[in-house]
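There are 2 protein chains.
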Amino acid sequence: MKFSNGARGGTHAYPVEDDMIDITTASGQTDRNVKNHHHEEDDNSTHYSSTFGGIHETADIPGIGQYEDFHTIDWQRDIARDRMRHRYIIKKKQDSVWSLIQGAHDAWSGWLCVLLVGLCTGVVAGVIDIGASWMTDLKFGICPQAFWLNKEQCCWSSEETTFDTGKQAFWLNKEQCCWSSEETTFDTGNCSQWRTWSEVLGQSRTGAGAYVISYLFYIMCALLFAALSASLVRMFAPYACGSGIPEIKTILSGFIIRGYLGKWTLIIKSVGLILSVSAGLSLGKEGPMVHIACCIGNISYLFPKYGRNEAKKREILSAAAAAGVSVAFGAPIGGVLFSLEEVSYYFPLKTLWRSFFCALIAAFILRYINPFGNEHSVLFYVEYNKPWIFFELIPFIGLGIIGGVIATIFIKANLKWCRYRKYSKLGQYPVTEVLLVTVITALIAYPNPYTRMNTSELIYLLFSQCGISNADDLCDYNRNFTDANSAIEWAPAGPGVYRAIWLLILALILKLIMTIFTFGMKVPCGLFIPSLCLGAIAGRIVGIAMEQLAYNYPKNWLFSGECSTGYDCITPGLYAMVGAAAVLGGVTRMTVSLVVIMFELTGGVRYIVPLMAAAMASKWVGDALGRQGIYDAHIALNGYPFLDSKDEFAHTSLAADVMQPKRNESLAVITQDSMTVDDIEALLKETEHKGYPVVVSHESQYLVGFVLRREINLAIANARRTVDGICGQSLVIFTNSNPPQTLGPPHLKLKKILDMAPITITDQTPMETVVDMFRKLGLRQTLVTHNGRLLGVITKKDVLRHVKQLDNEDPNSVLFN
Amino acid sequence: MKFSNGARGGTHAYPVEDDMIDITTASGQTDRNVKNHHHEEDDNSTHYSSTFGGIHETADIPGIGQYEDFHTIDWQRDIARDRMRHRYIIKKKQDSVWSLIQGAHDAWSGWLCVLLVGLCTGVVAGVIDIGASWMTDLKFGICPQAFWLNKEQCCWSSEETTFDTGKQAFWLNKEQCCWSSEETTFDTGNCSQWRTWSEVLGQSRTGAGAYVISYLFYIMCALLFAALSASLVRMFAPYACGSGIPEIKTILSGFIIRGYLGKWTLIIKSVGLILSVSAGLSLGKEGPMVHIACCIGNISYLFPKYGRNEAKKREILSAAAAAGVSVAFGAPIGGVLFSLEEVSYYFPLKTLWRSFFCALIAAFILRYINPFGNEHSVLFYVEYNKPWIFFELIPFIGLGIIGGVIATIFIKANLKWCRYRKYSKLGQYPVTEVLLVTVITALIAYPNPYTRMNTSELIYLLFSQCGISNADDLCDYNRNFTDANSAIEWAPAGPGVYRAIWLLILALILKLIMTIFTFGMKVPCGLFIPSLCLGAIAGRIVGIAMEQLAYNYPKNWLFSGECSTGYDCITPGLYAMVGAAAVLGGVTRMTVSLVVIMFELTGGVRYIVPLMAAAMASKWVGDALGRQGIYDAHIALNGYPFLDSKDEFAHTSLAADVMQPKRNESLAVITQDSMTVDDIEALLKETEHKGYPVVVSHESQYLVGFVLRREINLAIANARRTVDGICGQSLVIFTNSNPPQTLGPPHLKLKKILDMAPITITDQTPMETVVDMFRKLGLRQTLVTHNGRLLGVITKKDVLRHVKQLDNEDPNSVLFN
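In the order they appear, the protein sequences are chains A and B.
full-length UniProt numbering numbers the first residue of the first sequence as 1 and each following residue consecutively.
full-length UniProt numbering numbers the first residue of the second sequence as 1 and each following residue consecutively.
The reader is advised that the hints may include incorrect statements.
[Unchecked claim] Computed list of lysine-lysine pairs in PhoX-like fashion (alpha-carbon distance at most 20 Å, straight line):
1) A:Lys350 x A:Lys305
2) A:Lys350 x A:Lys776
3) B:Lys350 x B:Lys776
4) A:Lys422 x A:Lys412
5) A:Lys93 x A:Lys305
6) B:Lys804 x B:Lys646
7) A:Lys776 x B:Lys646
8) A:Lys305 x A:Lys91
9) B:Lys350 x A:Lys776
10) B:Lys776 x A:Lys776
11) A:Lys92 x A:Lys305
12) A:Lys312 x A:Lys350
13) B:Lys646 x A:Lys350
14) B:Lys776 x A:Lys646
15) B:Lys646 x B:Lys776
16) A:Lys312 x B:Lys646
17) B:Lys797 x B:Lys690
18) A:Lys662 x A:Lys797
19) B:Lys305 x B:Lys92
20) A:Lys797 x A:Lys690
21) B:Lys305 x B:Lys350
22) B:Lys776 x A:Lys312
23) A:Lys662 x A:Lys690
24) B:Lys804 x B:Lys662
25) B:Lys776 x A:Lys350
26) B:Lys350 x A:Lys646
27) B:Lys662 x B:Lys690
Source of the hints: derived by calculation from the structure; they are not laboratory data.
Isolated chain A (complex conformation) (with noise of 0.2 Å):
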């Protein structure tokens, strides 16, 4: 297709361009009036690879125009090329009807791309919910009628109940409308349906015996899913581990890694995410289901416009992201806003509005198949019958500050682990380490009911009120109800809430510390979920205490106003929740997005300003505690190359500081029309760089344009193989213009691959325009010059390596190609 090579030979400097003035004009002069009369010419597509009045051409030379593994990608040449694609596709629409459909085709791919994502990835987050709640069921026992369902299911399933046709919500079926209408919990087992592997054994279901084999088949399913998920990881897909969401930052930030997201990498992080989460380990699915989301995003290569062009894909993979969040939490706004906040690097306005329908279809696709078996779309659906009194700010802030703290334990503690993961034995034996943390945390945790249960379990019951219907230890008050619909009564705690709280204190130290061990392990491994659970348990018990000191003190002052009524005045489930948003935001150092996913959760406008406060007093202490939120540091710790456009470049560096060479040092540059093959594949051979200026003279540095290392490779080696004569001894010209040809070999004119509209900057800008302006335009290096001359280059890496030298880091830290 003569069209798709134009495209990829296109430079920023539009070939298309330069086509018609080699054609047309006989001088090698920029003649502007030529020019402009061709805006007006119908320039059809046999321009876009013509033989033009040149010596030969290049423009065919496949490969050009795209990148290697672990590159940089230029935003505004990938742009570039996208707008010349599209203004090709414009021109065409009135040849043909095909080349309309086409066109219109063309035009709609974007949403028909986001669309597809939303779909699958609302298909693959419901039977990620579905496996995992199954297998994590498995651990305890089985559905001896149907081992496909898990236990609640399992217990529904026997349960009769008339059919009340679809009142609540039209789009269940029978079964999941008698699931939704249930309302009790299941987690006492006392269901007749479901057998305990103690009880599958010939064992009666309580008694020491049961519990030792109950305690063992637990930790032996924990061990299987565990070995099973860091084996597949191993074997097949070693990008899956992890929660992903540094290396997403990475690539959107215009960094190619092959693989990532290829299709291997959705199948193992899916396969061994339900297994992960199924061994009981303290991880959460949040994080990985963004990675998945963005793996899903990469079908974009089903659209030329999007798979062929990186710097469009990173629309698309942004969109992903946010339905990855959205289908985690139910929560599509949120979802958009955390791609905006947290993930995204470049994220156009039109992006916004397509991020969110990809969110919200994926939303909508995951309640369709509703693997919660509720009502509700959200992870945690909780409704608080108080709105909360404005003294309570204070302890709202105080746990805000709790939650910076214990996310700044937690961010410490787990980077250094990593970094002795990282450059000690430890590091070589991943199932291992997998297989070890699995044993130790199915150890301790089995013991405490609250470590026993499933995470998101745990968070949810934490989370909801005393309502009349929940009989667990936590909600031991002195109390009788008499209707569920009455306002809750003021009550004293009974045995029971204390001897809750001190196993939440044990399952918070227990939580902290095995999540330290389990983040950054070789499984997929999220950590949303731990560290909201961390948050609701300090929250929670925070809030039991401020409920018996209001009801033992109510006359003080502070509580004398509202709480004299008789009626609970404070919620602990409130609590919770604040206290979780605070220590997810103090690791992630979300801001908005947190406010927002947490609204989404409670549905309610009401509870945003306390959800506020303690994610800034959260946000506020961890950064004046440690600088970086836990994905930053994962991706300093593994030296990608990600320049934050969050970071304030702070200190007074010149361009001159920086750019490369240094002092004493020459600039490698190929000149316009004086070196020879053989001295430009010399220049390559003993230099490294990715691409050279190009220069009047190594007299008169004056900047003519900017070749890259690649590039010149690919076109020498195709005219050595197509073009007759030349030989080491042909004259490379950059130019228009054609030097007399004397005796020797023909000239080899490469002009088509000339970058001639390169970045450039003065050796006197500032840095901190200079990173402004890598950050905003995308750019891979710019040109530093002083009056007209050529002086120096600087790239990303030389940006990325002086901001690591000023801050007394180690400079060759950077990974980089």
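Fit chain B to the known structure of chain A by using the hints.
Just chain B now, kept in the frame of chain A:
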């Protein structure tokens, strides 16, 4: 204060650094080692305004770094200035406790400022809401016992309700609580405390005489209010008219309009808004609320960090715009997204978090003031008890298309009328125009109950379900209510419904026509509410049609699945809401923010998909029929220099096509060391550019830097005043090196005002890239070079003109400077 001089004198090229070089190196060469050495040195504040090795200093010149009215700001430069100021404060911090406090104040001033803005916005919005509601009722009658109460309050204040100890909403005082517990609407007029004007004049409440008196009073009050509003605007604050959003967009994109956000504009706009809303004109107070909030945002002048830096000030203004929408609709998240999507130009992520805080505070304060007297802080709180059905997506998309068409008609007709007003004699009689429109509106509106009532009330009525308490004609169904909580029975429409439909169709036509003439008049007027109203009417009609269709053909395959249960399966109120979103979306081209605002209005995630479908259809139809939203159209009409960040630049021109000077003209440049003061002053007189490139010499035009006309003028005037011997023959030197002093007058050294890091591009750079750079880096101008040699300059004005020209519009319609 030494520092502030230094800061204001600071150009891009860091005078601090320049000073140091001048002091330490004898040669004028930029010595990198020396510079690096200095980075580590404790360069204390005396450097900031030291007299350096040049001939005399220019840093103390007042006014440098400021902008004139109707100028474009240079973001890069302002942000660089702010960073320098920041570094200075960080450095000073260690000096004394006072500096430490100053430093802390500086660090917190951003938060303090948005807190203040949020508080004030909430209060002002509360005052406006209360005032508008009181004065609107004043058109109909008065509360004799307490004239300051509006009708609703007047009726409530007489009712006796037992004060139920604040269970529902503790933050209400007794009176408010009683109000909020009432459920019935009082617009049937059966409240004995409230006197209509006919009653005040001794007439009965009903009858022809009473009707005529009420009609007359209605028109008189409307005229009075409108006349007051128009005269106030005309006399005291001409900038207070219109919605203000096009101007706010322009200001936020980096343009200076002095007084547009001043205190007089704030006061007059608030008062005028109350008056013009009360006059019953077809306008809303939501758009102007954004302008009012931005005026409040101007209190950032209390904080030098923001007040003295135009780029930083825009961060606060973005947050204020979010607060404006937040209080207008009670939708803080929607407000932030509106600011991000629609209004703001430069929206770093730090601003996102602050905007959210600001919007939340404003909403919280407004809720505390509670102007609507109910528990919900949103404008139209509705709750539906049925989900939507999948096939309803078809009518929803249909509504989207209708909305897009209505919006396009409105935009085109309004633009035509505004253009006519602008270029005809009509524009000279703004008050007369307002009075005329008011009389016509009042005359036609009064007889129709749906146009007579407050537009917000009408929208609320159209959105709501036909519950047990709703006595309007719209709800005249043949059904009996037994219990307020039971499901709504399915019923055929009664005659009242058909009557209501005819009146609504009339209202739709009237509102559409009157809004076309109203929007753009010289009173404060917004179009959110009229647009919502148009859409709500269309939607309700479609909804009733669907409902009756389903009732009459329940066996049809479309309806048979869901509508055969005997309960109402279609909610006309939901259709009204979807229609409202469609028209508003079509008029403003908002997308995500629109859906989020509507979502916050209803408080449920359930209806996002219908809203999104309609908003999408409406936007696409609108884009297909007419390119621009109403705000962009008004920006173009008024010729504001606004470079839209959403429009794609789709042409193939190069920088060489756009730059000034054109072929055969010569470029006005200043040489670095060979022009005298007289030469420069002659150049300034001959040409009118805002800035001049500095080159090596006229013969070799290699670029050295860029100076602004304003700063040369200031520097020369200052030098003549303060330095002996400076005269017309003095050489002006922009370099560090000192040319040998001849016998003539002393040299004038102006390196301080030279920007040594101007942004440059090559002449082959495609204009797409150039436009992208202007947008993302916030440039004022860029210099065009070829092989290092200066060719010309491209300013924002040139870009805007070029875009207009390519779009076949008049390039001279751009108002600039």
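Taken at face value, is the distance from the CA of Lys690 of chain B to the CA of Lys662 of chain B at most 20 Å?
Measuring from Cα to Cα gives roughly 17 Å; hence the hint holds.
Given the hinted pair Lys305 of chain B and Lys92 of chain B, is their alpha-carbon gap at most 20 Å?
16 Å, holds
Going straight from one Cα to the other, do Lys797 of chain B and Lys690 of chain B come out at no more than 20 Å?
11 Å, holds
Take the C-alpha atoms of Lys646 of chain B and Lys350 of chain A, compute the straight-line distance between them, and say whether it is at most 20 Å.
8 Å, holds
Lys350 of chain A and Lys305 of chain A: Cα distance at most 20 Å?
15 Å, holds
Please verify whether Lys776 of chain B and Lys350 of chain A have alpha carbons no more than 20 Å apart.
16 Å, holds
Pair hint Lys804 of chain B and Lys662 of chain B, alpha-carbon separation not exceeding 20 Å
The hint holds at about 18 Å.
Take a quick look at whether Lys312 of chain A and Lys646 of chain B sit within 20 Å of each other, Cα to Cα.
16 Å, holds
Lys797 of chain A paired with Lys690 of chain A [C-alpha distance capped at 20 Å]
Holds: Lys797 of chain A and Lys690 of chain A sit about 11 Å apart, inside 20 Å.
Against the 20 Å threshold, does the CA-CA distance of Lys350 of chain B and Lys646 of chain A hold or violate the hint?
8 Å, holds
Take a quick look at whether Lys350 of chain A and Lys776 of chain A sit within 20 Å of each other, Cα to Cα.
17 Å, holds
Holds or violated: Lys776 of chain B with Lys646 of chain A, Cα cutoff 20 Å?
Judged against 20 Å, a Cα distance of about 16 Å means the pair holds.
The structure fails none of the hints (numbered hints given earlier).
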